[in-house]
Amino acid sequence: MYDFIISFSYLIASVLFIFGLKGLTHPRTAVRGNLLGACGMLLAVVVTLTDRHIVSYEYIILGLVVGGAIGAVLAIRIEMTSMPEMVALLNGFGGAASIFVAGAALIEGSSLTDSPILQLTIATAASGLIGAVTFWGSLVAFGKLKGLISENAVLFSGQQVINSILALLVLGLSIGVVTNPESFSLYWLLVGVASVLGILLVLPIGGADMPVVVALLNSYSGLAAAATGFVLSNNVLIITGSLVGASGIILTHIMCKSMNRSLTNVLFGVMGPSGEGGQTADEVYGGKVKSASPEEVALLFDAARRVVIVPGYGMAVSQAQHPVASLAALLESRGTTVEYGIHPVAGRMPGHMNVLMAEADVPYDALKDMDEINQTIDQVDVVLVIGANDVVNPLARTDPSSPIAGMPIIDVDKAKIVVVIKRSLSPGFAGIPNPLFALDNSLMLFGDGKKMVLDIIAALKDS
Amino acid sequence: MEMFLMSFTVFVLAIFVGFEVITKIPPTLHTPLMSGSNAISGITLVGAIVSTGTELWITTVLGFLSVVLATINVIGGFMVTNRMLAMFKKKS
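Protein chains in written order, with our numbering: chain R, 1 to 463; chain F, 1 to 92.
Derived by calculation from the structure, the hints in this document are not laboratory data.
No residue lacks a Cβ here, since even glycine has one placed at the ideal position from N, Cα and C.
One or more of the hints may lead you astray.
For each label pair, taking beta carbons as the anchor points, the in silico distance ranges come out as [unchecked claim]:
| no. | chain 1 | residue 1 | chain 2 | residue 2 | range |
| --- | --- | --- | --- | --- | --- |
| 1 | R | Ser82 | F | Phe4 | 38 to 44 Å |
| 2 | F | Lys24 | R | Ile175 | 38 to 44 Å |
| 3 | R | Ile162 | F | Lys90 | 47 to 53 Å |
| 4 | F | Lys91 | R | Val55 | 54 to 60 Å |
Derived DSS-like pairs (lysine-lysine); straight-line CA-CA distance at most 30 Å [unchecked claim]:
| no. | chain 1 | residue 1 | chain 2 | residue 2 |
| --- | --- | --- | --- | --- |
| 5 | R | Lys461 | F | Lys24 |
| 6 | R | Lys416 | F | Lys90 |
| 7 | F | Lys24 | R | Lys450 |
| 8 | F | Lys90 | R | Lys414 |
| 9 | R | Lys450 | R | Lys416 |
| 10 | R | Lys450 | F | Lys91 |
| 11 | F | Lys90 | R | Lys368 |
| 12 | R | Lys257 | F | Lys89 |
| 13 | R | Lys461 | F | Lys91 |
| 14 | R | Lys288 | F | Lys90 |
With the hints as constraints, model all of the structure from the sequences given.
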C-alpha cells in the first residue's frame, strides 16, 4: 500500500511536469505552467521524505536549506543579459547531482546484495559518464560566456586523436564498472576521465555557437537524470529526464538549422567552406561605407512609417535593451509602426533576445520571428540593426563559398534604408566582411549601442 | 531484465511525449523553457534525499552533495523562470 502511494504520487508529479511544459506553449499560460511544475516537484519531494529507508533528517534538511538559499539568490540576482550563464551553470549542477546519486546507489546496491543487477550497473556507468561530461562541459561553457575562458574556438593539433583515446578509455572503464561493480574506484576513475573529455569537447567551440552547446548540454543533463532513474528504477526520474532530454535535442536541432550547420561541424569547431577566394574587408568596404550621425538617423526615423529593429548579442553586451524599447515607444507615440525581427541564433542561447525585450517591457506580440519579418521586409522604411552581424549578412544568400553560405538570415538589405549601430567594421563570429555595410541603402552609426540609441532619442525629442 | 524493459518502455514513451509537447513551444519562450527544464531535471533530488538519509556515512556525504546541487536547480530554476515569464506581456 505504502509503495503504491509513493508510486502514484510520482505519477501525479510526472503528469504535472508535462502539463507545466504544455503551459509554455503560450506566454499567457506559461506562468501557470511553471507553477504546476513547481507543485509537481513539491509533491515528489514531500512524498520522498516519508521514505522508510531514511533514518536521519539533519543532512537532508541542511542540504535543502543550503541549496535553496543558493538557488534563490542566483535566481533573484541574475541579470537577464546573463541568463545563458545561469542556464549553463544549472545544466552543470544537474549533471553533477546525477554523478553523486548514482555513485551512492552503487555503494548501497553492493551492500544490499552480492551482485547488483545489470540494469543498475549499466545505468550507473551511464549516469557517471553523462553527468561528468555535462558538469565539466557546462563549466567550460559558463567560463566562455562569462569571458573567463577565451571565447574563440580553442583548437590544437592532435585534438581529435586525444578525444578519441579518451572516448575509448571511457568506454573501457564503463565496461569495467559494469563487470566489477564492487570496485568503486573504477566508477570514480570513469567520472574523472569523462570530466577531461567534457572539458576538451566544449573547449574547441566558439562563442557564437554557444546557443547550440547550451541546448545540447541541457539535453545531456536530462539524459543524466534519466540514467539515474534507471539506476534507482524510479519512473519519475526517467520520465522527467526524457522530457528534458527531448527538449534539449529539439532546441539543438533548431539552432543548428538556423545556422545551416550540422551538429558535428559545431561540435568540432568547423566553420562551413573556408571562405577562400572571398573578398577581403578592403575590397568590400573600400570607399563605399557611409557613416551617419545620430541626428541624421533621427531625421530618417522621423519620416518613417514602418520601422523594424533587429537586435543581436551586441545589444545584450551594451545593455541597450531599455533604451531600444524607449526609442520604439517614442516612435510609436508618433504614429510609426515598430516591430522587432528576431533571428533564432541571435544572442547566446535560444530565445535570449526575446527575454531581454520582455525585460524592457516590449510586448511579446511585437517580436516577430525571422520567417515572418522576411515576408514584408521590403516594405519597411527603416531597419535598425543593433549588435547583430552574421545573421544579417547577405553573403549567406549570394556567396556559396562563404562560411555562412545557406544560413537563413533576416533580409534587412531589402528594406528601403538600413541603419547599423556598430562599434567598428570588425567582422562577426564567422570572420568575414559584411557587404550589407557597403550597400547604397545602408548607413553606419559607429559607437556604443546604448549611447547611440540614447543620442537618437535625444535628437528625436529636439526635432 | 523484465524490470529493465518496463523502465525502458517508460523512457521511450516519455521521449515521444516530450517531442510532441515541446515542438509546440514558440521561440519567444525558449529561454524560459531551458531554465524550466533545468528546474524539473532537479528531480534527481528524490534519489538524493533517500541516499542522504541512509546509515552509511559515505552515501550520506554523496547524498548531501547531490541534495545541495539538485535543490539549486529546483529553486533557482523555478524562481528564475517565474521571474522571466512575469515579464512577458501582451500589447495593452
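We went through each hint and held it up to the structure:
Checked against the hint of 38 to 44 Å, the C-beta distance between Ser82/R and Phe4/F comes to roughly 41 Å, which is consistent with it. For the pair Lys24/F and Ile175/R, the beta carbons lie near 40 Å from each other, so the given range of 38 to 44 Å is met. Checked against the hint of 47 to 53 Å, the C-beta distance between Ile162/R and Lys90/F comes to roughly 52 Å, which is consistent with it. Look at Lys91/F against Val55/R: about 57 Å separates their beta carbons, and that is inside 54 to 60 Å.
Our distance criterion of 30 Å between C-alpha atoms is broken by Lys461/R and Lys24/F, whose separation comes to about 42 Å. Annotation: proposed proximity of Lys416/R to Lys90/F holds, straight-line Cα distance about 29 Å (limit 30 Å). Distance check on the hinted pair: Lys24/F and Lys450/R sit about 35 Å apart at the alpha-carbon level, beyond 30 Å; violated. For the hint pairing Lys90/F with Lys414/R, the CA-to-CA distance comes to about 29 Å; that is within 30 Å, so the pair holds.
At most 30 Å may separate the alpha-carbon atoms for a hinted pair to count; Lys450/R and Lys416/R meet this at roughly 24 Å. This hinted pair checks out: Lys450/R and Lys91/F have alpha carbons roughly 24 Å apart, not beyond 30 Å. Proximity of Lys90/F to Lys368/R is assessed by CA-CA distance (about 13 Å); at most 30 Å being required, the pair is judged to hold. For a cut-off of 30 Å, the pair hint linking Lys257/R to Lys89/F stands: about 29 Å separates their Cα positions.
For the hint pairing Lys461/R with Lys91/F, the CA-to-CA distance comes to about 24 Å; that is within 30 Å, so the pair holds. With a C-alpha separation of about 42 Å, the suggested pair Lys288/R and Lys90/F falls outside the 30 Å cut-off, and the hint is violated.
The structure shown violates the earlier hints numbered 5, 7 and 14.
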